[in-house]
Amino acid sequence: MPNDVDELRELAISAGADPVAVVRTRRHSPDPRYCIGSGKLTELAEVVQASEAELVLFDNPLTPSQERNLEKALNVRVIDRTALILDIFAQRAQSFEGKLQVELAQLRHLSTRLVRGWTHLERQKGGIGLRGPGETQLETDKRLIANRIRQIRKKLDKVEQQRDQGRQARRRNAVPVVGLVGYTNAGKSSLFNALTQSEVYAADQLFATLDPTLRRRPVGPNLAVILADTVGFIRDLPHELIAAFRSTLHEASRADLLLHVIDVSDEHAAEKYTEVEAVLAEIGAESVPRIEVYNKIDLIEGESSRYERDSEGRVARIWLSARSREGLEWLDQAFEEHFAADLTVLRLRLAPAESALRAKLYQLGRVLEERDDDGGGWHLVVELPTLELRRLESSGFVMPRADVAEAAA
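Take the sequence shown: its letter number 98 is residue 99 in our numbering, and every next letter is one higher.
The hints are simulated quantities; they were obtained by calculation from the structure and are not laboratory data.
In this text the structure is predicted, and so the values were computed from the model without any measurement.
From the three backbone atoms N, C-alpha and C, an ideal C-beta is built for every residue, glycine too.
Misleading hints may appear alongside valid ones.
[Said to hold, decoys possible] Have a look at the derived ranges for each label pair, beta carbon to beta carbon: (1) D7 x P65: 38 to 44 angstroms; (2) G303 x E337: 26 to 32 angstroms; (3) L365 x G303: 40 to 46 angstroms; (4) D158 x E272: 17 to 23 angstroms; (5) R310 x L145: 54 to 60 angstroms; (6) E268 x R315: 38 to 44 angstroms; (7) A22 x E338: 49 to 55 angstroms; (8) A91 x A271: 42 to 48 angstroms; (9) D311 x V368: 26 to 32 angstroms; (10) A225 x A91: 33 to 39 angstroms; (11) E302 x I150: 48 to 54 angstroms.
[As the list claims (entries may be wrong)] Once the Cα atoms are required to be at most 25 angstroms apart in a straight line, the calculated BS3-like pairs of lysine-lysine come out as: (12) K143 x K155; (13) K73 x K156; (14) K156 x K143; (15) K100 x K143; (16) K41 x K73; (17) K73 x K155; (18) K156 x K100; (19) K100 x K41.
Construct all of the structure, not just a fragment, from the sequences and the given hints.
This is the structure we're talking about:
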């Protein structure tokens, strides 16, 4: 992406650092010892000394040995992009689940970077005073980390079970879930606040919010949706984070509809769009229906709110401003169209005592066919929004189906 250095600078600022210098280099492949060449290492050492820097950030991944060698050569702490993002997440996590997920990601990252810093305590070498239980400090650290990872996973499994119960309750109540996804700092939380009158923290910085938030939004007289604000995506999102935040990201993969929020004022919006789509595919959300929401039109002179439909007539793209609230009405229209268009065709056989259900079906759907039953009941073919069908079933109405046909039939 053309703005890799700018993004690294934004990440550093988000973590609380004060960038003082940038050193660029190009190599066909990383040097196995220092990642960079010897000449560039000398240049970097001079920059560190001249600027009195206390930390060096590398945009590309570093191996544990490269980190150690660089720290010895530069006499300052050295971390890569993955460790920087993990630090930001550790600062921002607020909920119990979020803190557990961050700790899990950090431990997974740390487990690959343990070094032999306790060799003076090893007791496997033999000799006087060195015979012992047969476990080095390095092995002890690995075992303790593995035990802690297992404990966190058990706790996160319990949290995920609670989330599943909440999802099942929403489905029983026939409330569709709309997930907000997008590149970090695209304006997801601002849009979420505008739609739900909430006060989720939103700021012009990367990863301003981490913990998923769910809020209900009434859309029409017979429709409400649950909006889910999720963690922002970023280029080369560390795999440790994707694995640790998988339960949170499931809010996106299990949503009924996704709003892909895009910063229309960003000159690199197309590249960031591709990055988000790649992460959605990685978490299994590539097949979830989505609407592209081009946010921040107030930053572009002459731009106005509007929407576009796809070849099948569905709303596919919306231009709006979360800050000025211009264009939010197009979202409600899109919600109504999307969930009302999800139809199910049922063939029902109703007994005479089920006249209340018959009246309800006439009220909520479209009766395509009706004929009297020999026993005083009715045979019906009804087209119902799937949302209303769920509501009927969750309200205690038994749907005595003769057979179920596809909506296309």
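Practice task
Against the structure, test the hints numbered earlier, and report the numbers of the ones violated in rising order.
Solution key: 1, 4, 6, 8, 13, 17 and 19
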